[in-house]
Amino acid sequence: MKFVCPCRAVVRDNTDYQEHKAHFIPDQLYEGAAERIQAGGEVWAEMRRVTRPMYQCTECCRLFLSDDAGNLVSFKPDESTPFGILKGKL
Numbered sequence: 001m002k003f004v005c006p007c008r009a010v011v012r013d014n015t016d017y018q019e020h021k022a023h024f025i026p027d028q029l030y031e032g033a034a035e036r037i038q039a040g041g042e043v044w045a046e047m048r049r050v051t052r053p054m055y056q057c058t059e060c061c062r063l064f065l066s067d068d069a070g071n072l073v074s075f076k077p078d079e080s081t082p083f084g085i086l087k088g089k090l
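When you line the sequence shown up against the numbering used here, it's residues 1 to 90, in that order.
Since the hints were made in silico from the structure, they are not lab data.
Glycine is no exception: its CB is placed at the ideal position from the N, C-alpha and C atoms.
One or more hints might be untrue.
Below, simulated BS3-like cross-link-like pairs (lysine-lysine); rule was C-alpha separation at most 27 Å, straight line [what the hints assert, rightly or not]:
{"hint": "1", "residue 1": "K21", "residue 2": "K76"}
{"hint": "2", "residue 1": "K21", "residue 2": "K89"}
{"hint": "3", "residue 1": "K89", "residue 2": "K2"}
{"hint": "4", "residue 1": "K89", "residue 2": "K76"}
{"hint": "5", "residue 1": "K2", "residue 2": "K87"}
Taking CB as the label site, the calculated pair distances span [unchecked claim]:
{"hint": "6", "residue 1": "K76", "residue 2": "G40", "range": "40 to 46 Å"}
{"hint": "7", "residue 1": "R36", "residue 2": "G70", "range": "20 to 26 Å"}
{"hint": "8", "residue 1": "Y17", "residue 2": "E79", "range": "26 to 32 Å"}
With the hints as constraints, model all of the structure from the sequences given.
Below you can see the structure in the form of structure tokens.
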């Protein structure tokens, strides 16, 4: 998958472990998902069910969140927001 940001940069989702992509879980679904997993539910199936993708443009740092219908909604950050807000930290 790929799409074009309003700044004209291309945002791609074509591999794993991308520093500009994250999976977000709405708070209303978080506890229920954790309870189903704890009760023996399949972790990956549950994560696919409750998470939505989100992306950050590498050029303008705009965030894109997938709504519950699968449409991307964008948010433009303050000027001081750097790229990498979605990077994992271990």
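| field | C-beta pair Y17, E79: status relative to the range 26 to 32 Å that was hinted | value | holds (28 Å)
| task | Note whether the CB distance of R36 and G70 lies within 20 to 26 Å or breaks it. | result | Between R36 and G70, where Cβ atoms are some 22 Å apart, the hint holds.
| message | Does K2 sit within 27 Å of K89, going by the straight-line distance between their CA atoms? | response | Measuring from Cα to Cα gives roughly 25 Å; hence the hint holds.
| task | Verify the proposed pairing of K21 with K89, using a straight-line Cα cut of 27 Å. | result | holds (13 Å)
| query | Within 27 Å, alpha carbon to alpha carbon, are K2 and K87? | reply | holds (19 Å)
| field | Proposed proximity, K76 with K21 (alpha carbon, max 27 Å) | value | holds (16 Å)
| field | Range hint compliance [Cβ, K76 to G40, 40 to 46 Å] | value | Because 42 Å falls inside the window, the suggested range holds.
| request: Would you check the hint for K89 and K76, treating anything up to 27 Å between C-alpha atoms as holding? | output: Holds. K89 to K76 sits at ~23 Å (cutoff 27 Å).
Comparing the model with each numbered hint stated earlier shows that all of them hold.
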